[in-house]
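Undergrad: Input sequences plus hints: build the corresponding full structure.
Number of protein chains: 2
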Amino acid sequence: MKRKSKTLINLKMSVIISNISESLPAFLAENQYTKIHVIVDEKTQRHCYPIVKPLLPKHQVTKIKSGEANKNLSTCEAIWAGLTNQSLDRHSLVINIGGGVIGDMGGFCAATYKRGIDFIQIPTTLLSQVDASVGGKLGIDFNGFKNHIGVFKIPNAVLIDPVFLKTLPFNELRSGFAEIIKHCLIRDAAKWETIRKIDFEEQNFADLIAHSVAIKEEVVAIDPTEKGLRKILNFGHTIGHAIETFYLGKPKLHLLHGEAIAAGMICEAYISFKRGILDQKSLERIEEFIFAVYGKATIKETEIEEIIALTAQDKKNKGKEIRFSLLEGIGNCIYDVSVSANEMKESLLYYIG
Amino acid sequence: MKRKSKTLINLKMSVIISNISESLPAFLAENQYTKIHVIVDEKTQRHCYPIVKPLLPKHQVTKIKSGEANKNLSTCEAIWAGLTNQSLDRHSLVINIGGGVIGDMGGFCAATYKRGIDFIQIPTTLLSQVDASVGGKLGIDFNGFKNHIGVFKIPNAVLIDPVFLKTLPFNELRSGFAEIIKHCLIRDAAKWETIRKIDFEEQNFADLIAHSVAIKEEVVAIDPTEKGLRKILNFGHTIGHAIETFYLGKPKLHLLHGEAIAAGMICEAYISFKRGILDQKSLERIEEFIFAVYGKATIKETEIEEIIALTAQDKKNKGKEIRFSLLEGIGNCIYDVSVSANEMKESLLYYIG
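Line order of the protein sequences matches chains A and B.
The first sequence begins at 1 in full-length UniProt numbering and counts up one residue at a time.
The second sequence begins at 1 in full-length UniProt numbering and counts up one residue at a time.
Derived from the structure by calculation, the hints contain no laboratory data.
Computed from a prediction, not measured in an experiment: that's the story for all the values here.
There's no promise every hint is true.
Each pair may be met inside one copy or between any two copies, as identical chains are not told apart.
Straight-line Cα separation of at most 27 Å, DSS-like style, residue types lysine-lysine; simulated pairs [to be verified]:
#, residue 1, residue 2
1, K191, K296
2, K191, K166
3, K250, K35
4, K166, K296
5, K274, K35
6, K58, K320
7, K166, K281
8, K300, K320
9, K197, K296
10, K227, K58
11, K166, K320
12, K53, K320
13, K296, K63
14, K318, K35
TA: Dropping the structure here:
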């Protein structure tokens with residue numbers, strides 16, 4: 001009897017970084033779709049859809065509400081109803097125009113509509129360009145847990161155009177930069193040495209997008225369904241996700257994904273340091289750079305237990321073990337490291353300092 | 001740029017037809033699961049779970065309401081909540097004990113929980129043993145459309161034991177028999193010659209289950225995601241599904257899946273005959289045998305238009321074309337045949353006679 005996982009994912013990805021006015025018509029010319037359905041939110045409808053619309057044949061649009069709070073089943077129902085009302089068949093295409101929420105949720109809806117129809121991602125935030133749109137992780141939040149329901153499926157194409165970043169608020173751009181930092185820390189020490197000496201506003205984003213996409217594509221190609229190596233992409237995310245989830249439950253506080261991950265990276269670099277696999281100088285440089293870009297997230301000592309409890313639902317866990325991806329020196333990351341609640345607490349105390 | 005479908009499915013299936021008291025312990029012994037979650041409905045909880053329970057280590061159970069009417073998102077939410085409350089991680093196992101509804105929906109929930117955890121099917125109806133449990137089609141109904149939301153994913157094992165059929169009502173057993181008839185008609189003329197001469201009650205079900213599973217496995221292995229050959233498994237299902245959906249909307253009428261498919265097979269055999277690809281004698285034999293086993297479903301002439309309209313959402317369609325799988329002689333089936341509304345109407349008029 002065979003017991004291996006039964007879903008394989010084609011490793012060929014089609015991430016195109018170029019002008020959308022070239023890449024989108026080229027994609028459509030190579031395919032014969034019966035119908036096209038576009039998914040936007042109120043922000044991308046206003047700022048991004050006008051750039052894409054003239055490039056498309058006849059299509060219909062579903063508009064959803066922006067924001068992580070709407071990345072849920074009830075919004076999926078609205079999207080599925082939109083696809084159904086247009087009578088999309090299996091030879092149709094869904095185009096997701098937006099950040100990670102639209103990409104993850106619109107992709108999940110396309111991947112499950114009639115058991116899966118084609119979809120492409122047009123990521124419009126830095127975060128989604130360097131992270132969410134690459135790698136085929138799709139899904140929605142459920143009962144307060146992030147990306148709790150979803151599937152792995154590679155989009156038919158990811159069309160990245162830095163032009164969309166011009167419409168992005170400062171904090172959104174900064175949020176995406178956290179994943180760029182992460183890609184350097186886990187996989188490219190030389191690049192980290194470059195970026196850590198440059199102010200955030202002065203970074204070369206076109207170059208960094210290509211760099212991040214290349215690293216993510218390489219890692220995902222080796223381990224598409226996160227059985228091993230892909231877990232390194234979760235550096236900063238075990239505690240980062242917990243902080244993000246904690247903030248979600250506090251309506252008066254706001255913290256973007258990358259801002260939470262930035263905090264998580266300091267905590268997890270500290271745990272790496274305490275384990276003796278990351279030297280103090282490296283920890284201090286990470287800390288210094290991240291605090292300079294992001295400042296410090298408001299976390300009270302009395303809230304630490306609640307944050308630690310939230311790591312129990314992390315997808316990398318096995319049984320009761322909370323498993324981390326930790327830095328073994330800059331540019332190298334190990335995974336499946338069991339970390340105790342005490343170590344997490346210490347790292348959060350270090351962070352809030 | 002690659003444009004092919006990006007999800008592949010491992011062709012290795014693990015359909016085991018034997019005593020559950022042997023196959024289930026053997027499966028569990030070969031795997032190391034951190035937790036086990038069982039999904040049942042009130043019927044299988046009473047009749048089937050007591051047979052399975054002593055074979056399992058510690059586990060939790062989610063009970064859902066039986067019936068196609070509950071194969072929806074709201075029941076999925078209850079299942080996902082059950083998995084979440086038990087804090088199932090990615091090294092856990094879901095066991096679905098039941099008919100097609102439980103298998104399709106429990107499988108879909110497992111395939112989307114944390115982007116997919118292992119699951120096995122223990123089909124307890126004849127219909128699910130010969131059809132639903134084999135082939136990796138998972139999903140739920142949505143806005144009145146059957147299996148509208150779902151994924152393709154092969155279960156880690158399908159454990160079939162005819163012992164469960166003993167608890168099955170007559171009409172459930174007869175419903176499953178329709179798919180056995182279908183498998184003979186589309187792929188094995190000799191077997192059709194055998195079964196059509198035997199009364200329903202006298203059939204050798206253990207033999208027929210193995211026969212149906214072998215045919216379905218062969219077809220699915222060639223074309224797992226239904227790009228081509230697999231569509232032959234939909235013979236009888238274009239009109240059959242429409243009839244089934246039509247009945248779902250009429251609370252006072254009851255028609256099981258196989259009973260609707262039986263009617264659909266007569267209609268679609270008639271269309272095959274009218275197209276000149278099936279001889280009259282074969283049509284008459286199909287009709288005679290199916291009417292002898294199932295009688296005639298109540299369909300009024302005035303309801304035909306409504307039934308035909310429901311074929312517009314069939315997953316095999318391309319654009320406005322309603323595409324059928326038709327018999328080209330007994331034991332051979334062709335697919336992607338565009339059929340007009342007029343032809344469908346004629347076939348339904350022929351059926352109601």
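Undergrad: Next, verify each hint and record whether it holds.
TA: A quick look at each hint next to the structure:
1. K191 <-> K296: Within one copy, since 24 Å is at most 27 Å while 73 Å is not.
2. K191 <-> K166: within (24 Å within a copy, 67 Å between copies)
3. K250 <-> K35: Classified as neither; 41 Å inside a copy, 32 Å across copies.
4. K166 <-> K296: Intra 26 Å, inter 66 Å, cutoff 27 Å: intra-copy only.
5. K274 <-> K35: Answer is neither: 55 Å inside a copy and 32 Å across each miss the 27 Å cutoff.
6. K58 <-> K320: between (52 Å within a copy, 16 Å between copies)
7. K166 <-> K281: neither (36 Å within a copy, 71 Å between copies)
8. K300 <-> K320: Cα proximity of K300 and K320: one copy only (26 Å, versus 60 Å across).
9. K197 <-> K296: Classified as within; 20 Å inside a copy, 80 Å across copies.
10. K227 <-> K58: Answer is between; shortest inter-copy Cα gap is 26 Å, intra-copy 41 Å.
11. K166 <-> K320: Classified as neither: same-chain Cα gap 44 Å, cross-chain 41 Å, threshold 27 Å.
12. K53 <-> K320: between (49 Å within a copy, 25 Å between copies)
13. K296 <-> K63: Classified as neither: same-chain Cα gap 34 Å, cross-chain 46 Å, threshold 27 Å.
14. K318 <-> K35: Close across copies (10 Å), not inside one copy (43 Å); limit 27 Å.
In this structure, the earlier hints numbered 3, 5, 7, 11, 13 are contradicted, and the remaining ones agree with it.
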